[in-house]
Amino acid sequence: MDTQTDSEILQLFRDENSRNYGFNLLVKKYQQPLYFHIRRLVIDHDDADDLVQNTFIKIFQNLNGFREDSKLYTWIYRIATNEALAFLKSKRNKFFIPIVDVESKLSNSLIDDNFFSGDEIQLKLEKAILTLPEKQRLVFNMKYYNEMKYEEMAEVLGTSVGALKASFHIAVKKIEEIIKQN
Amino acid sequence: MEKPNNILKDELRELAPELSKLERKNPFEVPPDYFDDLSLKIQNRISYKKEEKHLWYNVLFNPKFSIAASIIIILMVSGLVSYKYYQKQSANTKNIYWDEIMSENNSINYSFDENSLVETLADLTPEMESEQIIKSDSTLKNISTDDLNEYINNNNNDIFYEN
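Residue numbers (numbering that gives the first Met the number 0), protein chains in the order written: chain A, 0 to 181; chain B, 0 to 162.
Think of the hints as simulated: they come from the structure by calculation, not from any bench. One should not assume that every hint holds.
[Said to hold, decoys possible] Below, a list of computed lysine-lysine pairs in the DSS-like style, where the Cα atoms sit at most 30 Å apart:
| id | chain 1 | residue 1 | chain 2 | residue 2 |
| --- | --- | --- | --- | --- |
| 1 | A | K148 | A | K88 |
| 2 | A | K93 | B | K48 |
| 3 | B | K40 | A | K27 |
| 4 | B | K48 | A | K57 |
| 5 | A | K70 | B | K49 |
| 6 | B | K40 | A | K179 |
| 7 | A | K57 | B | K40 |
| 8 | B | K8 | A | K164 |
On a predicted model such as this, the values are computed, not experimentally measured, just so you know.
If we strip away everything but chain A, and leave its shape as in the complex, we get (with noise of 0.2 Å):
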C-alpha cells in the first residue's frame, strides 16, 4: 500500500467518488511516523493517539486546499507538530507549570510507562533529550530518529538550514555531556 505516491494519493481524495480510499492510504502511509514523532514530544500514548487522531482531521479538513507549494510529506509533519506543539503550551497554561516542570513531569512518567520497551541506556538517552529546550528537543528527534533532511526540517518548522544544524549541534552535544557523566 505504502507504493502510492503522494500525489496519487492526493489526485484519489481530490476525486469525490475515491476521496474515502486516497485518504485511508494516505492514514495507512503516514500514521505510524507521525504518531512515534508526536509520541516522542508528548510522552504518554493516550496524549498521542489523541494528537495523531486530531492532525488527520485537520488534514482530511484542509487537504483539498493544499497548493503543492511544499511537500505533502512536510505539510503532513507541520501540522503534526504544530498540533504536538500547541497541546504542550496548554498543558504548561492549565496547570501553570513552568517549560522545566513540563520536562521533568515527562521524564519521570518515562519510568512507569506500560508502552515503553527501552533498556537502561535508552531510558538514559530519552530523559537526556527531555532536558533539551523544546526547540531544540524537535530538531534532534527530527535527525536522529527521522533522518530527516535539514531542508525539508526548514520547511516544516519555517525556521532556516543554518539555525538548525546549530541547534542540532548544540543538541548533540548536551546529550553527550549527559551520557558521559552517567
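Fit chain B to the given chain A structure using the hints.
Chain B alone, transformed into the frame defined by chain A:
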C-alpha cells in the same frame, strides 16, 4: 521520506562519540493492533464531525427555530432601545442644577404674602363646620358671628399656628 543514511552516523561520530555508539532504535511501543484500528477510528471521527455539522445546519435553518430566534432578537433590540431612551431622559433631569431650583424658590419666597395666605385659608374653612362648633359649645352660643370674625382677624396668626 528520507531513507536512513550514513551521513548522520559520520556526523555523530565526530560530534558525539559516546552517542554514536548507542543503538538507534525506537523504545516506544503501542497497544496491540493499535495501527490496524487507527484508520477506522479516524474515519469514524470524521463522519461524526460531518453529522454534527449537518445537525447544526438543520437546527439553524429550521423555520421554527428561525422565527423564535427572530422574535427574541427583536425583543432584545427593542428592550435595549427603550432602556437607552430612559437613560437619556434621566440624564436630562440631572442637568437641572440645584442653584436654579434655589433661585426659583427664592423668587417665590420674596413674593410671598402672609395676608393673602390667611384669606385663602379662611375661604377654604367650611362655614358649616364653624357654625356646628358654635352650636355644640354652650359658652359660644351667645357669641355672634360678627364678633367671632373680628376676633379671628385680630388674632389670625395664633389661630393659624394652633390649627
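To see whether the hints hold, each was checked on the structure:
About 26 Å separates the Cα atoms of K148 of chain A and K88 of chain A, which keeps this hinted pair within 30 Å; it holds. Of the supplied pair hints, the one linking K93 of chain A and K48 of chain B holds, its CA atoms being roughly 26 Å apart against a limit of 30 Å. Restraint check: the Cα-Cα separation between K40 of chain B and K27 of chain A comes to about 12 Å, which is no more than 30 Å; the hinted pair holds. Restraint check: the Cα-Cα separation between K48 of chain B and K57 of chain A comes to about 12 Å, which is no more than 30 Å; the hinted pair holds.
Between K70 of chain A and K49 of chain B the alpha-carbon distance is near 28 Å, which keeps this suggested pair within the 30 Å criterion. For a cut-off of 30 Å, the pair hint linking K40 of chain B to K179 of chain A is broken: about 44 Å separates their Cα positions. With a C-alpha separation of about 14 Å, the suggested pair K57 of chain A and K40 of chain B falls inside the 30 Å cut-off, and the hint holds. A C-alpha spacing of about 15 Å is found between K8 of chain B and K164 of chain A, which places the hinted pair at or below 30 Å, so the restraint holds.
Consistency with the previously given hints fails for number 6 only.
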